[in-house]
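Trainee: Which chain is which? The protein sequence lines are P and W, in order. So in our numbering, the last spot in the first sequence is 684, and the numbers never skip. So in our numbering, the last spot in the second sequence is 684, and the numbers never skip.
Each statement offered as a hint is correct.
Repeated chains share a single entry, so a pair holds when one copy, or any two copies, can fit it.
Under the rule of at most 30 angstroms between Cα atoms (straight-line distance), these lysine-lysine pairs were calculated in the DSSO-like manner:
#, residue 1, residue 2
1, K667, K560
2, K489, K636
3, K203, K177
4, K399, K487
FYI, nobody ran anything at the bench for these hints, they're computed from the structure.
There are 2 protein chains.
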Amino acid sequence: MLKVSIAPDGREYPLPTEEENAQERELLKKITDEQRALGRKIVAVQGLGFVGCVMASVVADATDKDGKPIYFVHGHQRASKRSFWKVPVINTGVPPVSSSDPEVPEIFHRTVVEKKNFRATSEDSVYSLVDVVVVDIQLDATKPAFGQAEKGYCDITAFREGIRMLGQHIRPECLVLVETTVPPGTCEKVVKPILEEEFTKRGIDIVSNPPLVAHSYERVMPGAKYVSSIRDFWRVFSGVNHRSIEMCREFLSNVLDVENFPLTQLDSTNASELSKTMENSYRATNIALTLEWARFAEQIGVDIFKVRDAIRKRKGTHDNLLRPSLGVGGYCLTKDPVLANWAMGALFGVEGQLSMAINSVNINDTMPLHTIEIIKREYKELKNLKIAVLGVSYLENVGDTRHSPSKTLVEFLRKDLAVVRAHDPYVEHWDELEEVTVEKDIAGTLEDADVVILAVGHNQYKNLEPKALVEMSKKRPMIVDCSNFLSDETINKYKGLGCIVRGVGKGHIV
Amino acid sequence: MLKVSIAPDGREYPLPTEEENAQERELLKKITDEQRALGRKIVAVQGLGFVGCVMASVVADATDKDGKPIYFVHGHQRASKRSFWKVPVINTGVPPVSSSDPEVPEIFHRTVVEKKNFRATSEDSVYSLVDVVVVDIQLDATKPAFGQAEKGYCDITAFREGIRMLGQHIRPECLVLVETTVPPGTCEKVVKPILEEEFTKRGIDIVSNPPLVAHSYERVMPGAKYVSSIRDFWRVFSGVNHRSIEMCREFLSNVLDVENFPLTQLDSTNASELSKTMENSYRATNIALTLEWARFAEQIGVDIFKVRDAIRKRKGTHDNLLRPSLGVGGYCLTKDPVLANWAMGALFGVEGQLSMAINSVNINDTMPLHTIEIIKREYKELKNLKIAVLGVSYLENVGDTRHSPSKTLVEFLRKDLAVVRAHDPYVEHWDELEEVTVEKDIAGTLEDADVVILAVGHNQYKNLEPKALVEMSKKRPMIVDCSNFLSDETINKYKGLGCIVRGVGKGHIV
Numbered sequence: 175m176l177k178v179s180i181a182p183d184g185r186e187y188p189l190p191t192e193e194e195n196a197q198e199r200e201l202l203k204k205i206t207d208e209q210r211a212l213g214r215k216i217v218a219v220q221g222l223g224f225v226g227c228v229m230a231s232v233v234a235d236a237t238d239k240d241g242k243p244i245y246f247v248h249g250h251q252r253a254s255k256r257s258f259w260k261v262p263v264i265n266t267g268v269p270p271v272s273s274s275d276p277e278v279p280e281i282f283h284r285t286v287v288e289k290k291n292f293r294a295t296s297e298d299s300v301y302s303l304v305d306v307v308v309v310d311i312q313l314d315a316t317k318p319a320f321g322q323a324e325k326g327y328c329d330i331t332a333f334r335e336g337i338r339m340l341g342q343h344i345r346p347e348c349l350v351l352v353e354t355t356v357p358p359g360t361c362e363k364v365v366k367p368i369l370e371e372e373f374t375k376r377g378i379d380i381v382s383n384p385p386l387v388a389h390s391y392e393r394v395m396p397g398a399k400y401v402s403s404i405r406d407f408w409r410v411f412s413g414v415n416h417r418s419i420e421m422c423r424e425f426l427s428n429v430l431d432v433e434n435f436p437l438t439q440l441d442s443t444n445a446s447e448l449s450k451t452m453e454n455s456y457r458a459t460n461i462a463l464t465l466e467w468a469r470f471a472e473q474i475g476v477d478i479f480k481v482r483d484a485i486r487k488r489k490g491t492h493d494n495l496l497r498p499s500l501g502v503g504g505y506c507l508t509k510d511p512v513l514a515n516w517a518m519g520a521l522f523g524v525e526g527q528l529s530m531a532i533n534s535v536n537i538n539d540t541m542p543l544h545t546i547e548i549i550k551r552e553y554k555e556l557k558n559l560k561i562a563v564l565g566v567s568y569l570e571n572v573g574d575t576r577h578s579p580s581k582t583l584v585e586f587l588r589k590d591l592a593v594v595r596a597h598d599p600y601v602e603h604w605d606e607l608e609e610v611t612v613e614k615d616i617a618g619t620l621e622d623a624d625v626v627i628l629a630v631g632h633n634q635y636k637n638l639e640p641k642a643l644v645e646m647s648k649k650r651p652m653i654v655d656c657s658n659f660l661s662d663e664t665i666n667k668y669k670g671l672g673c674i675v676r677g678v679g680k681g682h683i684v
Numbered sequence: 175m176l177k178v179s180i181a182p183d184g185r186e187y188p189l190p191t192e193e194e195n196a197q198e199r200e201l202l203k204k205i206t207d208e209q210r211a212l213g214r215k216i217v218a219v220q221g222l223g224f225v226g227c228v229m230a231s232v233v234a235d236a237t238d239k240d241g242k243p244i245y246f247v248h249g250h251q252r253a254s255k256r257s258f259w260k261v262p263v264i265n266t267g268v269p270p271v272s273s274s275d276p277e278v279p280e281i282f283h284r285t286v287v288e289k290k291n292f293r294a295t296s297e298d299s300v301y302s303l304v305d306v307v308v309v310d311i312q313l314d315a316t317k318p319a320f321g322q323a324e325k326g327y328c329d330i331t332a333f334r335e336g337i338r339m340l341g342q343h344i345r346p347e348c349l350v351l352v353e354t355t356v357p358p359g360t361c362e363k364v365v366k367p368i369l370e371e372e373f374t375k376r377g378i379d380i381v382s383n384p385p386l387v388a389h390s391y392e393r394v395m396p397g398a399k400y401v402s403s404i405r406d407f408w409r410v411f412s413g414v415n416h417r418s419i420e421m422c423r424e425f426l427s428n429v430l431d432v433e434n435f436p437l438t439q440l441d442s443t444n445a446s447e448l449s450k451t452m453e454n455s456y457r458a459t460n461i462a463l464t465l466e467w468a469r470f471a472e473q474i475g476v477d478i479f480k481v482r483d484a485i486r487k488r489k490g491t492h493d494n495l496l497r498p499s500l501g502v503g504g505y506c507l508t509k510d511p512v513l514a515n516w517a518m519g520a521l522f523g524v525e526g527q528l529s530m531a532i533n534s535v536n537i538n539d540t541m542p543l544h545t546i547e548i549i550k551r552e553y554k555e556l557k558n559l560k561i562a563v564l565g566v567s568y569l570e571n572v573g574d575t576r577h578s579p580s581k582t583l584v585e586f587l588r589k590d591l592a593v594v595r596a597h598d599p600y601v602e603h604w605d606e607l608e609e610v611t612v613e614k615d616i617a618g619t620l621e622d623a624d625v626v627i628l629a630v631g632h633n634q635y636k637n638l639e640p641k642a643l644v645e646m647s648k649k650r651p652m653i654v655d656c657s658n659f660l661s662d663e664t665i666n667k668y669k670g671l672g673c674i675v676r677g678v679g680k681g682h683i684v
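For reference, chain P alone in the conformation it holds in the complex (with noise of 0.2 angstroms):
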């Protein structure tokens, strides 16, 4: 049976023969001589995720003072069932994410079909031809119990696997830069010394030829701006030697809008790291809190969005302070905290805990319960409540799943026997949680439903007329705001059609 890749559009793709590969193989090194003569250097950025695929397009996309392309990028992802696809796909000129951003599709157009400097393969050897890798593999947290991270830890055996890879193929000078969130220590305690590993097992002498590691963190968003998120806007950076960090300096200096948004070098790859994990523990926190607060304003008649206002008010102090929702989501804000608490033991021995970072992780994947409370106390039985929940992914107008807390929110309606519809404009497949169908029919999601929670704030929600909402229902449903989508003009409509109003935050309606 010959094995096959599956693109989400259904399309197959037959995984790479060994004889295709020894072309490919030959073929990529021809393609290199070719575009070395055209006096660019050679880039591989390895794993083509969420940010590696579109990094790779704006590392494509630079150009010197000339307009000329400075690199020629090799995005490099493994032959896998899951993943192969991409290659095939991104040498059509198509993204292998869908975005809003309407750049996305522009600049893996321009620069695999018209400047043809940017081509995938899933060729290893790849990496023995390049002057800089930019690692993107995916690194997760594992968090076994939930609302329990303080039992999280990483795994890096996939993450250690392809940087030997990269130590077994890539020429001594070659630049490794690791732009994955990784656990503070990784690139001084792990990718250092399996590069030195191999190296020595290839006769490199390590010490004439230290390996070059330098660490970079983005600060993606997905939506409208996603490119734009990679290539402008603030880097933070170090490297394990002098040489590491002249060269990525350099490199990020060509390739991202360093005018208007200049680097912040750090002493060290352990403090670049530690900064990125640090500054979305910072956000995780704040978001902590408000949940907190909000259940007492609920509780007291209070709008803690009015007194969030109020607060933010004192611009440079206080105007971070975020809100509470149905939860957090997204592959930051969840990990991040669990990755740097599990490094402190793992990576380097040190005892203890961060108990402020570990608790709000721990608060915000709890958070959806909160929600189910809110309707418990109107409905003290969920069984075979009809429920449509609105929204699906984690953040507004954006299609991203990635540990949505809805996800958690179906799962504990479910738990409980409620009968759950999901809808979701954005969402053409809910990967995490497959047995749920993501409706598309926003009328026959609401049809009969005995509760309405706004879990997400599409703006297709926000706009929706309580009256249209009531008749699509063909009821008077609770309506659950999870972060303030609505007005208080529109609760009081929904108030008005009969419909009980009640929300995350939102004591004052109650």
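Given chain P, put chain W in place with the hints provided.
Mentor: This is chain W only, laid out in the frame that chain P set:
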């Protein structure tokens, strides 16, 4: 024996006799009548503490569009041995607080001596004469166990008595504006019922004359802009009914710079009270987070302050991130989370805890122990170790010692039998730790010191030349920098002189 109240300068003021009180009552009536004849409204400020005394002067200083005073202000301070001295002192035009803000003596002199529309009294009957009472009674949290803020509570006995006194005297149309930071719910559940009870006893119909109660919180900062921080800054307010809200808005608009710092009205006093305590809990949480990461940074060679700067580059989302230090002091961050957490159960019967806020108080209260840990990494035994603590106030370049973390530091160092000398150029007398003399002579403080703790960032300490310090100590003392007061250059100078230098969050210097 005559009862006397002793001012900080040692001068003694006898408490008023019954006869003097009777005279004062007549005088108050006469003055008030004269002032009303000038078209001025009459205000009383209840409690001439840190906020009250300056607020009183700010109210007196307010003028109409013709530059004429709008209000006459009676500052009221109970005739206690501890505080009565403030009354005669203020009435000579001298502020009862010391401050680096030159506006403090100016505004007292201007209002008391020149405009003659601010006068202090200890006579309770003053409240029967006024249109507005601004309540500035001190109200602290009690934390019966160190590092267990969850057991904290708020003893509101004295506050209730103060409000009851108002209920016994004020005219029904008098606005009671609570400026004290109170547990959420206090205006609705404590102030209003007490006033209703006292009104009813006095035969006032509370249906046609409901008590007028408002809440507005200040955001005062000690230091060079003390007066301005009360007058020229954003305010949040609300009231228990429409009339209270409108009277409060008018009063604050007359007194504060609302043109540059517009008022924010919230829906209820619950909301306004919650807002203040949440605002400070946000700061407390933020600081607690940094300590845990500072500890981590110390262990892995990272300078947490450079990391903080890198993170804060993300303006608008990350620039509120605070810094680790010796600990957290002052009158707000140390108690406000406790007030709110206590109010949940005690005033509203709501279960649960504000765990993020409470944990942060615990981390912050015990933070000084971390500085001791840093010393113990070098000296296992503190017994007989000579330790100079530079700075005992809670804020740099300010002499305010309320809840200063230096107190915890010194207490625990003494428990370990270290020989502690404390120095502070701004503090005359350490009220909270009377057994410790605050030295004024830096050379004497440093002489023979084994360890010098830079506890507070007073300019005098930041500007100390390493060579001068080492000469004064006549040793090569260990230098402990509690919050990045020393540049890397200065640290290297200390190291060059043979000193060990360590610091909170400064892993890169180890």
